[in-house]
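From first to last, the protein sequence lines stand for chains A and B.
For the first sequence, the working numbering assigns the number 1 to the initial residue and increments by one for each residue that follows.
For the second sequence, the working numbering assigns the number 1 to the initial residue and increments by one for each residue that follows.
Subject to a maximum C-alpha distance of 16 Å in a straight line, what follows is the list of computed EDC-like cross-link-like pairs (lysine to aspartate or glutamate): (1) B:K410 / B:E48; (2) B:K385 / A:E308; (3) A:K330 / A:E43; (4) A:K322 / A:E340; (5) B:K24 / B:D408; (6) B:K44 / A:D298; (7) B:K26 / B:E64; (8) B:K26 / B:E39; (9) B:K32 / A:D344; (10) B:K410 / B:E39; (11) B:K32 / A:E345; (12) B:K329 / B:D397; (13) A:K302 / B:E41; (14) B:K285 / B:E19; (15) B:K44 / B:E69.
The set of hints was computed from the structure by calculation and includes no laboratory data.
Given next are the chains, with one letter for each unit.
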Amino acid sequence: MSDKEVAVPPEADHAAAVAALIAPVPEIIGGAEFVQLLTPEGERVEHPEYSRYIADLTDDDLRGFYRDQVLIRRFDAEATALQRQGELGLWASLLGQEAAQVGSARAMRSQDYAFPTYREHGVAWCRGVNPLNLLGMFRGVNHGGWDPNENNFHLYTVVIGAQTLHAVGYAMGIQHDHAVGTGDPDRDAAVIAYFGDGASAQGDVNESFVYAASTNAPVVFFCQNNQWAISQPVERQTRIPLYQRARGFGFPGVRVDGNDVLAVYAVTKAAMNAARSGQGPMLIEAYTYRMGAHTTSDDPTKYRISAEVEVWKLRDPIARLKAYLTSSRKADPAFFDAVEVEADELAVTIRDGCLSMPDPELMSMFDNIYVEDHPLIEAERAGFAAYTASFEGEH
Amino acid sequence: MAVKHFNLPDPGEGLVEAEIVTWKVKVGDVVKVNDIIVEIETAKSLVELPVPYAGTVAGLFAAEGDTVEVGTPIISVDDGLGGDVAPVTGPPTGKAAGTAGTATPATSPEGIEPGATGDTTGEAAGEARVANLVGYGPRVTSGKRRARKSESLAATTTSQVNQAFSPVAAPPDSPAPPESPGPPESPAAQLVTVPVPGGGKVLSKPPVRKAAKDLGIDLSLVAGSGQGGIVTRADVEAYAAGGRATATGPSDLLANGAGSTSYAEPVFAATGERETRIPIKGVRKVTAQAMVTSAFTAPHVTEFITVDVTRMMKLVDRLRQDRELRDVKVSPLLVVAKALVIASRRHPGINAAWDEAAQEIVVKNYVNLGIAAATPRGLMVPNIKDADQMSLRQLADAMANLISTARDGKTQPADMSGGSITITNVGVFGVDSGTPILNAGEAAILCFGAVRQMPWVVKGKIKPRWVTQLGLSFDHRLVNGDLGSRFLADVAAILHDPGQALVWG
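Only chain A is shown next, with the shape it has when bound in the complex (with noise of 0.2 Å):
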């Protein structure tokens, strides 16, 4: 009888602990917990522990991150424009999230390893993937045509949120290996991992969490919060701001303003630096949104109004980065007119280069299935031979 008066405390101080739980960021956007570096409008603001990651960028690199951010934009287009002529069967935008992408990408060393969902267009950019291979497994032709040791850049994973624990596995690979904070530049490596807000509540991604803390795993946890899982508002997925979820797990969490690419990438930056000397992982909320469909197979406007795009609109990465560009004379008008010319011509390129795409050979089905022959697969491979044979004329 004294034992449940004791064990049980008052309704009252439960509802009062979840309410101080759960009380709202008062000022998500400018808040004291949300890095920026450059507002909405491109004005350069400085933070007191994130400045100096991004005072040894060079007006080349700034004029690279614009670059990057509107090329992969003009890409996104002309994906999505050829999957609605019938020449993809789906394709996933990454429109609005150019920042948060190339931000972290261009924070990676060569060593270092991304592990991306299906959107990371933009890091498949950075990381120097041709973006003809991205609209292969989206056209059939292939799984993903591209050797991702080649540039540290792994296939994508459709699977909401396991490769989280792909890059958990492979960040303890890098431990196993001696290649975590040994002090060499050149040595020590860190993991990426890529997921979005509702990949936040997949068991994977947090049994990722558990593994990544208990092993103290190099792994910097990058998601972007775009506010929407398909027709999920995020205020539906999580009671906390989703970075605070780290703290339950053991290691810090950080809010940086996803369409800011300088904040992203100096918030990366910091988290892969500490990873690869052996601080263990980190868990990074680029808050940025969706501006368009979460696939061409949906329609937002059966699910969100328009008002909320509209604010969104305001806040458009490149738009504010190319207002500082110009406002501090990093950057002239021949040079937007000339990535834009060049955006133009990747296009073209994008689209020939994806009807000429060659299907494949029927029988390349059988290939990269074990590193070695297999009996069983050879066998298999025979019989499928034959039966195609049986057929009259080409094929």
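With chain A held as given, fit chain B onto it using these hints.
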């Protein structure tokens, strides 16, 4: 190739058809790559399609409102470069036979579209699979499976059947392909869509054969609408009901004159149909479902009140002069909307919903005010979110915005969801009142009739006054007669004397 065709792609995953909503271009327009040419509606979404070619629009092959199968050509573009000119317009007879032998761009994988080659088509073309046409470009499927080398009798038959019932020619109500749809045997395939002379092999399932026999119908006279020209039960029934021309008649496209009408005209002209059958789809279908759901789950009660609104009409006149409201439309409907909002705040139980699953009544502390609107796409009930928070000016703006959006046919699904109470303004049609059916998920709907001058007794004398009738339908599961009556009387009281709004607002 000078003229290139663009086939309707699958804009989602695994969709097989879409409705043409609005053409953004017409024949003769100059287009660039990725210009938006058409808006289509699929089972999933409204989608704008960009054109893959630059040039001049040479032909549109489907009319607005048509439902088109994925893979069917919908537009052709002349790139102005000359070369082999493919026939662009015209029905698939006559010309088809002529062109099939010479220029067969549709069947040549390399002819038009450089990238795509055989194997996806081979599969897609065979029988039922036409949905996933990734990378098919402008090609039309050949409609034929490759034969096995060791041909048995059965294989031969299958092959012949597949040839004869090429899916390209089969669906009778899809817009006709603009040119020869495929292999040289396609003229034979055309026969499928017109009555086959007795003795011809007709594909049908045994129960349907039996049904036809029972009805005394010769199956060879029934045009099949199923896959590959199979005669379905619906075809037989339609034939029995005299709906023969529906199955065999021309598509809307041809009837609308986008191609020559000579192909199908005789069928129609000779018989002179006594009925027109319109497919139930799109907004009509959704409306019907919503109405049936509402009418047969919520027990409706409707009450009426006739009210002298002379003072409201005077107020409307005064408001039209008001500086604050200078550039917006002030209508009696606006005042009715305001009155409804005020009255629902006095009687929150009316602004509520029945949650069957949770076994709860949801009383809404906001008013999302729905306005039933007749739009080009059919009946829509967009709502004004948080109308109770709005000043009269804001309400007027929101209403103007809502009406113009609806009129343009651009109302989005999100604008129509989450409504809490609705007004239907039948007065604009000069009608006095009605018994409206509740917008599904809401507890009340107010019907606003015509305002007209009537003889009315004022202080013992008959005077001409502006009078209207209000009708209120409510869901008796959660709204009793007393609540419904008080609410309706309050709305009427405000319209009778708008000053009452000061007391209650």
